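Student: So you can see what is in the structure, the chains are spelled out below.
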Amino acid sequence: KQEVTQIPAALSVPEGENLVLNCSFTDSAIYNLQWFRQDPGKGLTSLLLIQSSQREQTSGRLNASLDKSSGRSTLYIAASQPGDSATYLCAVMGSARQLTFGSGTQLTVLP
Amino acid sequence: NAGVTQTPKFRVLKTGQSMTLLCAQDMNHEYMYWYRQDPGMGLRLIHYSVGEGTTAKGEVPDGYNVSRLKKQNFLLGLESAAPSQTSVYFCANSLEDMNTEAFFGQGTRLTVV
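Quick mapping for you: the protein sequence lines, in order, are chains S and R. Position 40 of the first sequence, counting from 1, maps to 40 under my numbering, and the rest follow consecutively. Position 10 of the second sequence, counting from 1, maps to 10 under my numbering, and the rest follow consecutively.
Note that these hints are calculated values from the structure, not bench results. Take these hints with a grain of salt, some might be off.
Unchecked claim - Calculated cross-link-like contacts (lysine-lysine; reagent style BS3-like; alpha-carbon spacing at most 30 Å): (1) S/Lys1 x R/Lys14; (2) R/Lys57 x R/Lys9; (3) R/Lys71 x S/Lys42; (4) S/Lys68 x R/Lys9; (5) S/Lys68 x R/Lys71.
What the hints assert, rightly or not - Residues from chain R that keep clear of chain S, each with C-beta distances beyond 12 Å, as calculated: (6) Val50; (7) Gly53; (8) Asp62; (9) Lys70; (10) Phe90; (11) Ser94; (12) Val112.
The structure displayed is predicted, hence computed values, not measured ones. We treat Cβ as the ideally placed atom computed from N, Cα and C, and that holds for glycine.
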């Protein structure tokens, strides 16, 4: 059974810092990995999708990498802003045709 | 263009009552999913559908039923609600399951007392 772990569970940084969120998964047989953002009381917004054949994806200040063989992904956020405060979730699409989610990292960016 | 819309947004049920959660999409996507989100447990898949008229069980299907009579709608039913079903429910869709992103609704917060 696929398991997805996100470390740390919570992170607080001052505005302007660059930061890295970590995601690991136990079964490397995945089709893709997605990073989502969730604001309190809201749904999930897709940030980046990395297909299994790709190593990284970039969107603005966000860069996500994927190392399928080691079962790891990182989400790099450059020059963090208070508006980046949210919970970040990673999810993998595996052979069971289901997205398996981590429990998320709650990020707070302090002004 | 609403994307994925869930109805209702909030609901309180008494133990044993039944209800149906509606998920509607205007994106013409084949795949639709129902997840529940609980503190410390992430999102877990309840049921999913790969097209009109099809449904399949996910990780935590017990106590729930679903129907996909029309491509644009995916219904989640609770026949006899239990306090353990208190959760936030999310509907999602995707164009195809393996290499495209998933789009989520805003969620339904359900409390069973």
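Student: Minimum Cβ separation between R/Ser94 and chain S greater than 12 Å?
Tutor: violated, 9 Å
Student: Tell me if the straight-line CA distance from R/Lys57 to R/Lys9 falls inside 30 Å.
Tutor: Within the cut-off at roughly 24 Å; holds.
Student: Checking a non-interface call: every C-beta of chain S should be farther than 12 Å from the C-beta of R/Val50. Is that right?
Tutor: violated, 8 Å
Student: Hey, does R/Phe90 actually stay past 12 Å from chain S on C-beta?
Tutor: violated, 6 Å
Student: Regarding the assertion that R/Lys70 does not contact chain S, is the least Cβ-Cβ distance greater than 12 Å?
Tutor: holds, 22 Å
Student: Take a quick look at whether R/Lys71 and S/Lys42 sit within 30 Å of each other, Cα to Cα.
Tutor: holds, 25 Å
Student: Under the criterion that the straight-line Cα-Cα distance not exceed 30 Å, is the pair S/Lys68, R/Lys71 satisfied?
Tutor: Distance ~34 Å between S/Lys68 and R/Lys71 Cα, so the pair is violated.
Student: Can we trust that R/Asp62 is non-interface, i.e. its beta-carbon lies farther than 12 Å from all of chain S?
Tutor: R/Asp62 clear of chain S: closest Cβ-Cβ about 16 Å, beyond 12 Å.
Student: Was R/Gly53 rightly flagged as not at the interface, with every chain S Cβ beyond 12 Å?
Tutor: holds, 17 Å
Student: Just double-check R/Val112 for me: nearest Cβ-Cβ distance to chain S has to come out over 12 Å.
Tutor: holds, 19 Å
Student: Regarding the pair S/Lys68 and R/Lys9, is the alpha-carbon distance no greater than 30 Å?
Tutor: Violated, at about 37 Å.
Student: Hinted pair, alpha-carbon criterion (30 Å max): S/Lys1, R/Lys14. Please report holds or violated.
Tutor: violated, 34 Å
Violated hints, in rising order: 1, 4, 5, 6, 10 and 11; the structure is consistent with all others.
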